[in-house]
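Protein chains in written order, with this note's numbering: chain A, 21 to 186; chain B, 29 to 329.
If you're looking for bench data, these hints aren't it; they were derived computationally from the structure.
By construction, the Cβ of each residue, glycine as well, lies at the ideal position given by its N, Cα and C atoms.
Incorrect hints may have been included.
To spell it out: a stretch of chain A is covered by chain B in this simulated footprint if at least three of its residues, at any positions, have a beta carbon under 8 angstroms from a beta carbon of chain B; those stretches are [said to hold, decoys possible]:
no.	segment
1	28-35
2	62-73
3	147-158
4	166-177
Chain residues, written in single-letter form:
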Amino acid sequence: MSTAAAQQDFEEFYRATAPRVVHLVYATTGDMTIAQDSTQEAFARAWQRWATISEYDEPLAWVRTVARRVAISAWRREQARDRAYVRHGAVAPTDGPGLDRVAVLAALQTLSEPIRESVALHYIADMPVEQIARETGAAVGTVKSHLHRGRRQLAEALEIKENDHA
Amino acid sequence: MPEEQEFQDWTKDQDARLRAALGSLRHDVDAAGIPDVRFVMRRASRQRHRAIAGIAAGAAAVLGLSWFGFQALDDAPSTAPADNSTVTTERDQEATTEQPPDEVSEDSTEAAPVDRVDLFTSEASIPDLSLFVPPALWSSDVFTGGSPTESALGEVEGTTLFDCDPDDVMWGGPDEGTFGIMGIWSDGSAFGTQRVRVLDTVEAASGYVDDVNAALSDCEAPPEADNIILDVQPLELSGAYRIRTEFADGTEPMTDFVYVVQHDGTPEAVSTFRLVDWSREATDAQAAAELERLGRLATDH
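Please model the entire structure based on the sequences and the hints provided.
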């Protein structure tokens, strides 16, 4: 692949997938700044290795994994601050989500980190259970358990009930 | 009610509304926007220059060229006498932005030990990092198709690696002891795990190996997991097993290979390896050979 072709290929890949990666990491961490920065970092690393990664069956899986990994490291460093916000009944998004999204972010923060990650990968990245297991290293049964517990907790937090369309 | 049944009872309507709630976060993403792709490429280019500068600085330090090393490490504009051959400028960085950089960073770290930040460990004490197989050495034709491998944190809440695992403690619990778990990825897929458990005595480590072996020999799916069937078979390699999981809901069967082995260099330490055969093509003999190779790399320490 020529340099120009590689650049165009990467640009198209970036434009098509970057918002989805930010969305996923944002849901996982609840922090837009971390989500944006970790996504940029993941794509920067992908560009460094584009000759190899572009040949993968799913380059997005690689970027998604790196972005989540970078974000979780950053997010853990911010945990003390986040815990302080949670204690006061609010999440700590840097750029200020819309009011209706505050409840969603707050509900996500009630989940443990592995459960939140499984939920985000399933509902935002539309990944089936087996693929989540593949990308996270958890056993299939563990992912199912995470989804089950995550659904139950989120449904309670967001008051999603059967036959309740309010 | 078994958890699996509750999992199945979750309605499509509930699913759709939860998906919509989480999907609403996309509004914030769209409002924030994403940077221009050239910014991302420039970021990659700067990282490459820093990596090259670091290598150059290291070489310079060896030669006693401390002034050059300082300049190469510093991203600030040079205060040195004009010598364009040795100073990385923003202009240089821009010039390389249009080309995919070489793969510098990963190649230069082959066989490096695992990074502490990539390990999931007990709170109280951490196994020596030399007890873990260096992440780059997990690459194999059978399990990664020859692709490079790297370590990273995965979804870990406790020490369990497989169904029936007797080493099942939650992180931070009073009985967690000394352990470290390393996850290995290749091509975006998590396929390998090494758990190092350090016991108080050599005898305790031997007993631990016996316990894991016994659990694997008798392993069956837990009663509440009525949607899976486990088939566990020993491999030719002592301490190694194939675990095949079949799912009633139509999910493709999965095959894991597990191997438990006591270290020679540190006989209080026990490594348990788990390899996931995502290709579904690994034979028992190939898996045993690969597990034996990984075991040898670990147990000398």
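> What hint numbers does the structure not satisfy?
Replying inline: none
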